[in-house]
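Student: Here the structure of chain A is known, so what remains is to put chain B in place on it, guided by the hints.
Protein sequence lines, in the order shown, are assigned to chains A and B. Residue numbering for the first sequence follows the working numbering, starting at -9 and increasing by one per position. Residue numbering for the second sequence follows the working numbering, starting at 9 and increasing by one per position.
Keep in mind the hints are simulated off the structure, nothing from the lab. Don't be surprised by glycine CBs; every beta carbon is placed ideally from N, CA and C. Heads up, none of these hints are tricks.
Cβ-Cβ distance ranges computed for the label pairs, FRET-style:
1) V147/B / E62/A: 36 to 44 Å
2) G31/A / V147/B: 35 to 43 Å
3) V47/B / R9/A: 44 to 52 Å
4) R43/A / V147/B: 42 to 50 Å
5) W108/B / G148/A: 35 to 43 Å
6) A58/A / G96/B: 21 to 29 Å
7) G142/A / K99/B: 16 to 24 Å
8) V47/B / F120/A: 55 to 63 Å
9) M112/B / R72/A: 22 to 30 Å
10) F120/A / F171/B: 31 to 39 Å
11) D186/A / K99/B: 49 to 57 Å
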Amino acid sequence: MSRRIQDQRHLQRRASGERALRERVGIVLQSSGVQADLTVGELLEMYARYYPRPLKPEDVIELVELDAKRDERVTRLSGGQRRRLDLALALIGDPDLLFLDEPTTGFDPHARRQAWAAIRSLCSLGKTVFLTTHYMDEAQALADRVAVMAGGRLAAIGPPAQLAGRDSLPSEIRFALPAGVEPSELPALAGDVLADGAAVLVTTTDSVAALHHLTGWALERGVPLVGLAVSQPSLEDVYLSLTTEAAA
Amino acid sequence: MTADLALAAWQIRNEQRSFWRNRRAAIFSFGFPIMLLLVFGLLNKGNTVDTRGVSWETFYVPGILAYGVVTTAFSNTAISFAYARDNGVIKRIQGTPLPWWAYMAGRIGSTVLVTCAMSVLTLAIGSTLLGVEVHASMVPGLLCGLVLGTMAFTALGIGFVRFLPSADTAGPMQAFLIMPIAFVSNVFFPLDNAPAWLDKVASALSAIMGKLGAHSRIEAIRVAEEKGWL
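So here's chain A without its partners, still in its complex pose (with noise of 0.2 Å):
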């Protein structure tokens, strides 16, 4: 067999695994067209027939709240029903891994609640979910694992609640220093504190002993902490310092 028949196989092989590898793919791009005159009801008909199990184009219009629209042509949809379309074309082959590349951009916060709502319910389903975003409680609410590309590099990958060691990063405790008070009369605290103005930042890995101490001191001397919160470094924090460490 002369080598140029084998590379045709070899490519003949590739195709047809790739198009095995699409029968099972997904995708919601952040801005894709279709073809425009066509009704939703007829798009998805017609994308329904590239694969070997598709869905029901009704029940993808359920599910995608796009009833009323059926017999719309495309031309005549707001952008919010565009997107909807989006992701119902993606979902019509009934795919394993889905991609949504930052599919709540533009929402308004109740539209990207029902969005959360229905990616949450795509993988109740069994389906994986890959998704791309810039909002950290995006990542924080919807994700298993997250993974944080900078510079074109995989920057860190792993559970949100515990990405770039974010579980083991000292906490921050903040308050407003009450009224009278100097800085220098504050308790001694395990760990960093810092004020600025009114505004007090303790950082501290043990933020119960500084709790403890801290509450202990207001109440023996009766005076309030105002605005006393105790926070983990958010994903978003992680995202920055991992983001700048890449930049630097």
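Tutor: Below, chain B alone, put in the same frame as chain A:
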């Protein structure tokens, strides 16, 4: 394989739907040549092309027919393909299991249907309104030229998209290419007394556009005309 052929047929159906619903495309590639035929044909009706000894109507029917095929197969394909590329339809299709050849077969097959419909309409208008004689013996040759010519020009149109930086430029760019070719290929009026250099340009252009191009097909029909077949 039969399933894939059915997919290609399915694509033709969908492309047809899209084409006829997009009024701008339908009017541009379908209505415009018909309008030209009516305007030119009716304006000059009854007069004879001095250099050829045929009536002006007879001169225009095959020329406009070929021009319509070219605007549909080449221009409309180039424009709509450029839009499909720019707004991401192509990207979306490539993310689905639809084989690429089936998509292309849909585009080309649908274009062949449109050019066939346009030819029928042109000949119908020619034979009824303009009184041009159409002979049944011409139909097989016409059909061959039509199908092959449409496929060739559709392929050229798709290739042309490669040179279009954006879809917005597709309209003017295709006109820049097609209008001179139509002009030197005697679509609008005969260049029988044209200077020799223009003849050379014409044959060079038709050589570039291939044997199946407008010039050769118009000439084939015109030869038939002159021999009294049409």
